[in-house]
Every structure is written in C-alpha cells, then in structure tokens.
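Novice: Chain by chain, the residues run as shown.
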Amino acid sequence: GEDVEQSLFLSVREGDSSVINCTYTDSSSTYLYWYKQEPGAGLQLLTYIFSNMDMKQDQRLTVLLNKKDKHLSLRIADTQTGDSAIYFCAERLTGGFKTIFGAGTRLFVKA
Amino acid sequence: DTEVTQTPKHLVMGMTNKKSLKCEQHMGHRAMYWYKQKAKKPPELMFVYSYEKLSINESVPSRFSPECPNSSLLNLHLHALQPEDSALYLCASSQDLGFEQYFGPGTRLTVT
Numbered sequence: 014g015e016d017v018e019q020s021l022f023l024s025v026r027e028g029d030s031s032v033i034n035c036t037y038t039d040s041s042s043t044y045l046y047w048y049k050q051e052p053g054a055g056l057q058l059l060t061y062i063f064s065n066m067d068m069k070q071d072q073r074l075t076v077l078l079n080k081k082d083k084h085l086s087l088r089i090a091d092t093q094t095g096d097s098a099i100y101f102c103a104e105r106l107t108g109g110f111k112t113i114f115g116a117g118t119r120l121f122v123k124a
Numbered sequence: 124d125t126e127v128t129q130t131p132k133h134l135v136m137g138m139t140n141k142k143s144l145k146c147e148q149h150m151g152h153r154a155m156y157w158y159k160q161k162a163k164k165p166p167e168l169m170f171v172y173s174y175e176k177l178s179i180n181e182s183v184p185s186r187f188s189p190e191c192p193n194s195s196l197l198n199l200h201l202h203a204l205q206p207e208d209s210a211l212y213l214c215a216s217s218q219d220l221g222f223e224q225y226f227g228p229g230t231r232l233t234v235t
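In order, the protein sequence lines correspond to chains A and B.
Following our numbering, the numbering of the first sequence begins with 14 at its first residue and continues without gaps.
Following our numbering, the numbering of the second sequence begins with 124 at its first residue and continues without gaps.
Rather than coming from a laboratory, the hints here were simulated on the basis of the structure.
There's no promise every hint is true.
As the list claims (entries may be wrong) - The calculated DSBU-like cross-link candidates involving lysine-lysine, where the alpha carbons are at most 30 Å apart (straight line), are:
#1 B:Lys176 x A:Lys123
#2 B:Lys132 x B:Lys163
#3 B:Lys132 x B:Lys145
#4 A:Lys111 x B:Lys164
#5 B:Lys163 x A:Lys69
#6 B:Lys164 x A:Lys69
#7 A:Lys80 x B:Lys145
#8 A:Lys83 x B:Lys176
#9 B:Lys145 x A:Lys83
#10 B:Lys132 x A:Lys80
#11 B:Lys164 x A:Lys80
#12 A:Lys111 x B:Lys132
#13 B:Lys176 x B:Lys145
#14 A:Lys111 x B:Lys145
#15 A:Lys123 x B:Lys145
#16 A:Lys83 x B:Lys132
Make a model of the complete structure from these sequences and hints.
Specialist: Shown next as structure tokens:
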C-alpha cells in the first residue's frame, strides 16, 4: 500500500545540522518531495529528487535517497530559528496523479 | 513567479450559509488541486482539475462543489457545511498532472 512515515518531532540547536528522515513503502515512486509549512501558512516546496538519483544538494539543503531501503532524508546545514516549521515528506507514484504526504516532522530550533 | 493566491485568508460561516473559496495562479499550470488540512495533520486531497476538467474527486461530500472557470482560476463552493469541516483549505497547482505542486497560503475556514 501507499504509506509515508516520518518521526513527529526533532529539536536542534541553532547552528547545528538537522536531519529529517522519511520512509516510504511504494517502490514505484518516481518523485519524492520535501515541503515546509510554517504556522498558519501553506506548504512551500523546498526540493525534490527523482527516483534515479541518490543525492541532491541545494544551498543548505541536502537530500539523500536510499531506494533499496526506501529511505529519504533532508539535511539542513547551519540550522536557523527561521527553519522552525513542519517538514512534510511526500511521494508521487508511478503512473499516478496523487501525491502521498507523510504526517510531517515538527522541527524546533533552540537559540 | 511561483505564486498561488487564495482568498479569503479567513472565513467564518454558519451551517446554513453559502460561500466560495477562490484560488488563482498565473504560472500557466494546467493542473489545480484542492486539499483540506486539519490541525497537526498532512493535507488530504479533495479534488484535482486537469485542463479545466475534473480528474479526481476523492469521495468528497456534495456540500463541497469545485469549479474551474478557466485555466487560472479554481473555486470551491461551500453550502450547508458542518462544524467538522472547519480546517485550512489549501489550493495547489502544477505544470501538469504528476508534476511538483505549488501551494497557496490557504483559507482558514471556521464553521459555527
């Protein structure tokens, strides 16, 4: 079945790296996404990775994909208080139009 | 410009009211989506439009009625809602079905 799982909370100190993890069950996923949602706001697309890649870097963000283990991670370098938000992992299934979202990881950044 | 706009930002309505939520994008995207998001939950897909035609209806109650008047606009008409329909309603668009989606800021709906 289709399922995306994430841990619910992560707390880091300002300046440290944050690593948010996600596992998915559908091996036919084509694209995997990371979205950020700040309180009271919509979802902001942060980055995405195609399933034939294993890594993508974009400024402070690094996405790692382990297809064998169906594991996706988002690393935020030099985490700032403005990075405090909920981060959703999502997958798009092959041949499908739906995007399946995880429950979201709430990132707390302590000054 | 990767902006999706939604109006109103907040809406309070009674169970007998009729209201509409509006969504607009000018990115030339041909797929548009409505999601419902309850507090501390991920977004749940409600409807998908592709080239102004309804492609997916996720068994949403008929008190929610979507409309796509043109390729840039998406409306959600609300009638006889229940208090449990109170949520953040998010609109999104994508270049075509299956491409990455860009979300609007949402409309916070409260049904009294």
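Novice: Now, for every hint given, state plainly whether the structure supports it.
Specialist: For each hint, the structure was consulted:
{"no.": "1", "hint": "B:Lys176 x A:Lys123", "in the structure": "violated, 47 Å"}
{"no.": "2", "hint": "B:Lys132 x B:Lys163", "in the structure": "holds, 19 Å"}
{"no.": "3", "hint": "B:Lys132 x B:Lys145", "in the structure": "holds, 10 Å"}
{"no.": "4", "hint": "A:Lys111 x B:Lys164", "in the structure": "holds, 17 Å"}
{"no.": "5", "hint": "B:Lys163 x A:Lys69", "in the structure": "holds, 28 Å"}
{"no.": "6", "hint": "B:Lys164 x A:Lys69", "in the structure": "holds, 27 Å"}
{"no.": "7", "hint": "A:Lys80 x B:Lys145", "in the structure": "violated, 39 Å"}
{"no.": "8", "hint": "A:Lys83 x B:Lys176", "in the structure": "violated, 34 Å"}
{"no.": "9", "hint": "B:Lys145 x A:Lys83", "in the structure": "violated, 37 Å"}
{"no.": "10", "hint": "B:Lys132 x A:Lys80", "in the structure": "violated, 40 Å"}
{"no.": "11", "hint": "B:Lys164 x A:Lys80", "in the structure": "holds, 26 Å"}
{"no.": "12", "hint": "A:Lys111 x B:Lys132", "in the structure": "holds, 26 Å"}
{"no.": "13", "hint": "B:Lys176 x B:Lys145", "in the structure": "holds, 17 Å"}
{"no.": "14", "hint": "A:Lys111 x B:Lys145", "in the structure": "holds, 22 Å"}
{"no.": "15", "hint": "A:Lys123 x B:Lys145", "in the structure": "violated, 37 Å"}
{"no.": "16", "hint": "A:Lys83 x B:Lys132", "in the structure": "violated, 37 Å"}
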